[in-house]
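Those sequence lines, one after another, are chains A and B. Numbered by this note's numbering, the letters in the first sequence go through residues 1058 to 1648 in order. Numbered by this note's numbering, the letters in the second sequence go through residues 1058 to 1648 in order.
The hints are simulated quantities; they were obtained by calculation from the structure and are not laboratory data. Any given hint might turn out to be false.
Same chains, same label: a pair holds when it works inside one copy or across any pair of copies.
List time: in silico BS3-like cross-link candidates among lysine-lysine, alpha-carbon distance up to 30 Å [stated by the list, open to error]:
#, residue 1, residue 2
1, Lys1562, Lys1536
2, Lys1280, Lys1132
3, Lys1329, Lys1562
4, Lys1142, Lys1527
5, Lys1235, Lys1136
6, Lys1536, Lys1547
7, Lys1132, Lys1338
8, Lys1543, Lys1341
9, Lys1547, Lys1202
10, Lys1338, Lys1543
There are 2 protein chains.
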Amino acid sequence: MPIYNAPVQDIQFLLQDVLNVTETGVPGYEDLEADFTSAVLEEAGKVARDVLAPLNLSGDQEGCTLENGVVRTPKGFDKAFAAMKDGGWTALDCDPEYGGQGLPYLMGTAVGEILVSANMAFNMYQGLTHGAYSAIHAHGTDEQKAKYLPKMVSCDWTGTMNLTEPHCGTDLGLMRTKADPQDDGSYAITGQKIFISAGEHDLAENIIHLVLAKAAGGPDGIKGVSLFIVPKFLVNDDGSLGDRNGVTVGSIEHKMGIHGNATCVMNYDGAKGWLLGDLHKGMKAMFTMMNEARLGVGLQGYAVAEAAYQNAVAYANDRLQGRAVTGAENPSGPADPLIVHPDIRRNLMDQKSFVEGARAFTFWGAHLIDRSVRMDDADAEGLISLMTPVIKGFQTDKGFEMAVNAQQVWGGHGYIEENGMSQFVRDARIAQIYEGANGIQSLDLVGRKLAQDGGKHVMAFFEMIKSFIKENSEDERMKPFNDALKAGSKDLQAAAMYFMQNGMKNPNNALSGSYDFMHMMGHVCLGFMWARMAKAAFAAQDAGTGDATFLATKIATGRYYMARHMPATGMHLARIESGAEPVMALAAEAF
Amino acid sequence: MPIYNAPVQDIQFLLQDVLNVTETGVPGYEDLEADFTSAVLEEAGKVARDVLAPLNLSGDQEGCTLENGVVRTPKGFDKAFAAMKDGGWTALDCDPEYGGQGLPYLMGTAVGEILVSANMAFNMYQGLTHGAYSAIHAHGTDEQKAKYLPKMVSCDWTGTMNLTEPHCGTDLGLMRTKADPQDDGSYAITGQKIFISAGEHDLAENIIHLVLAKAAGGPDGIKGVSLFIVPKFLVNDDGSLGDRNGVTVGSIEHKMGIHGNATCVMNYDGAKGWLLGDLHKGMKAMFTMMNEARLGVGLQGYAVAEAAYQNAVAYANDRLQGRAVTGAENPSGPADPLIVHPDIRRNLMDQKSFVEGARAFTFWGAHLIDRSVRMDDADAEGLISLMTPVIKGFQTDKGFEMAVNAQQVWGGHGYIEENGMSQFVRDARIAQIYEGANGIQSLDLVGRKLAQDGGKHVMAFFEMIKSFIKENSEDERMKPFNDALKAGSKDLQAAAMYFMQNGMKNPNNALSGSYDFMHMMGHVCLGFMWARMAKAAFAAQDAGTGDATFLATKIATGRYYMARHMPATGMHLARIESGAEPVMALAAEAF
């Protein structure tokens, strides 16, 4: 069975040495002293290792079942869910007014990584609830908040997000689900939603569905949709559960992965719903959660890769096959372990340097969200808005690629389901698709975010890199980091310039390069993170603090990223600068 | 259910316009007139579309089962196998002396692509038989050939290759299976083999296992192993089947993909076997088949991608979502089809230009094998020996990547098993692993093939490209092809030079870059193929022959490859030139 150990030392390094959380002045961060964060992470690591990880493979193999309208989750999920609730893990970064612990989003993200690495499918029951909690918290009336949030914070009730319909996923303007206003102020919701994660299951007393639907009187298309709260069981004024609402599960999907999470077709037959936020402003309500939700999916990308990586390392150390070309390293054994071979190293270093860079990028993103929410920092909000599609799109693409790499280390044994490496690949795959497929992320980045507020945020990002390089130019040890970052940033700016100069006359010139731009920007962001991590590691070395081996490893891993991942920016630039012509040359019939 | 239509026009273009088969002087190619090859391909296409493709998804969902030592293949496989036999598809390029049709290997390859695209798992029953046939044909005594080959050519009996054991895959020197000589000239084979494709099933009367085992008296390690013929049922002198041999299936694997093919643990308990080829020269006998077997796997890489691509195109034309940024293209409909969007185009063009380039590369490889076998052309043999790891490693990596891309076009629907896109991804994945994992291919390329015969073959390849560019430098239309090919070839030569200069002092400098070199060389080879295809298309345009739309599409697709795939060589070169240091920096414990 696959192993998993929480990378507490790496996370602590980011929180305490790179982000220097207690010195940021963000309200709430003053509590994040090293001893405290370490204790939380260690505890989360225990739950992940002892409770969640042991159910990952069995949950995949067993999957969910639907019988007579009841969805059963895999064996052990109920007890594990109870353990999560009892430990308070579902309430970590929720509002204390509704029973949450009020920790910063950054801390929720750090713990979230650990839980997702251990069992991605399981953690989605709680993850979706958190998303629905956030929507109600941001847009609900006081009454709605009082009614739903305490039970959702504790995960006695779980939540869902209902957007997709059979004929529309990306293009929600085509939506057909209807909301008819009723005399009592509620709406009757009618329609079918598909791909609803955790839409029905046996882990909670009630499920609070958030449903996008069209009410009459609004503008056509996407601008006219509204968001509704549709509980599975109606909630009485005293908080007790009332009648079953007119929402049922039609079927559950047979998917490539995340078998432990029930993906449901949900039928709404005049179900009672209550408007959440303003009428015809449903997308606005959705969008306020989008940065968090997409960051959460970007986290899944590297978190699953981390778990896969740990198992690739274990196998590479364990499996004896061949001899090191430079001389036997295990002369008393029948062969050397795989890890002596340069190509295995290349593979593992690709994984390790990506995962650690992505973790830093994600934590930085979570920190920006905290700044935006807790300090009303508009610059931080603009920056995370820019970074969100990169965190989601780049990290899930690379996370999947790295899970595939990890599986490859296992050779033929990686293809056998019982060894668990296939599951990492199959699970990681969905993160590239849901919460806006990665092509849509690139469109959001190039079509919207780059030019947002007059391009202010991307300019700020370039400036940030420039200043960083300048500040650290005196330190010779930083040279490989500064040089590679500078080259990558230059490529990225050239691409942005290409879009500006050529996108005006033909927007296809920009959109044909959007995917490459997203990846390019991902590399520059991870390169920037590695430069910051290297700086922190050198500082700790200079101060004689920290674990010397850990710091040396961190620096060497960063050097690998700069040498071996960053050269991708040149390739992406060349692709971008070839423009729309090769991409759009063919008639649709010629494919 | 997924669709599949054989790309006959593309294949004909390669055979008749690019390779000009009838003018090559290869014995047997004189029969490959356009009408004849077209008829064969059309017929193969019908079998693929009507018989094999309809069983692909159901075969995946049902899988194989083992009960009381009997393996059952999925429903319909038996009838389809009978249809393949009746149509003579199993005997296409086999020796007429044993009932084959004697067509060139190139023709077997072209038909093979079509069958694999339609149903990869199914086609492996025949593919493995062909491999075993080739080994016996090349190394068997006249008696062995007479005894086994006719039934294997007709696929009344199928074949297997038994190499891997639980503790050794790549490093076969660790092999434990033993062969004890018996008084009657046979050997008693004892040991366990794993990952044996088609090791047991219900499609044939008998199964002829080829088993690597150690007989006493040979050198230690891999050099001492021998190859044995071990039939499931012993064959009497009159050709009738005798006693059941001491070989049984222990279990079948639960795999990520190719569910329709039974992957078996085979137990040999003193099974009767007969030496094939020379004692202690088993690896030599295996290696003579390796070019063919690896080319066959490289073919699987792009053949599955072709099938996935066709279904991505169908969905992109069918699914209405969003509007073209340059103005509605389906104004009377609720939205435009996906194919109007530049990022969908980028994705589809990546697939299309790869698949068509890989097909050309594979056919060129098959042609080199024909030259080597039918004309004793030592240069062709050297060249295909050099290209084999590239065909296998690069094409299966990219083929998988493109299957993933095709799945991505389907969005959330691509993640649902019933739509078949997941199966393409899961099936394609194995091709990167078996028949020598791709890391091993890169080691073979850089550690062995580059320097083979004093580097003669790689030099010949560079010379071939140089001459081609020179010959076509006057034609302005060829400029984008010549320029990109020249740049890629220059990068590749720089990498080879780096290995020469730095690999001597530390072989890890070469081996740390082997994987990148394999990919780089793959791009240069496909770039070369595209330049040759463009040249042929321009020639046909000039002559006013052929289908004008087809030719224009071919040229545009090639221009895409040159503009958008070829820039990868620069990235790979930069990775290679960073040397072993970043790759090998960490102690094994630091991972």
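Now the hints, each set against the structure:
no., hint, in the structure
1, Lys1562 x Lys1536, "between (40 Å within a copy, 26 Å between copies)"
2, Lys1280 x Lys1132, "neither (43 Å within a copy, 50 Å between copies)"
3, Lys1329 x Lys1562, "neither (49 Å within a copy, 75 Å between copies)"
4, Lys1142 x Lys1527, "neither (48 Å within a copy, 72 Å between copies)"
5, Lys1235 x Lys1136, "neither (38 Å within a copy, 50 Å between copies)"
6, Lys1536 x Lys1547, "both (16 Å within a copy, 28 Å between copies)"
7, Lys1132 x Lys1338, "neither (41 Å within a copy, 52 Å between copies)"
8, Lys1543 x Lys1341, "neither (37 Å within a copy, 52 Å between copies)"
9, Lys1547 x Lys1202, "neither (48 Å within a copy, 65 Å between copies)"
10, Lys1338 x Lys1543, "neither (42 Å within a copy, 56 Å between copies)"
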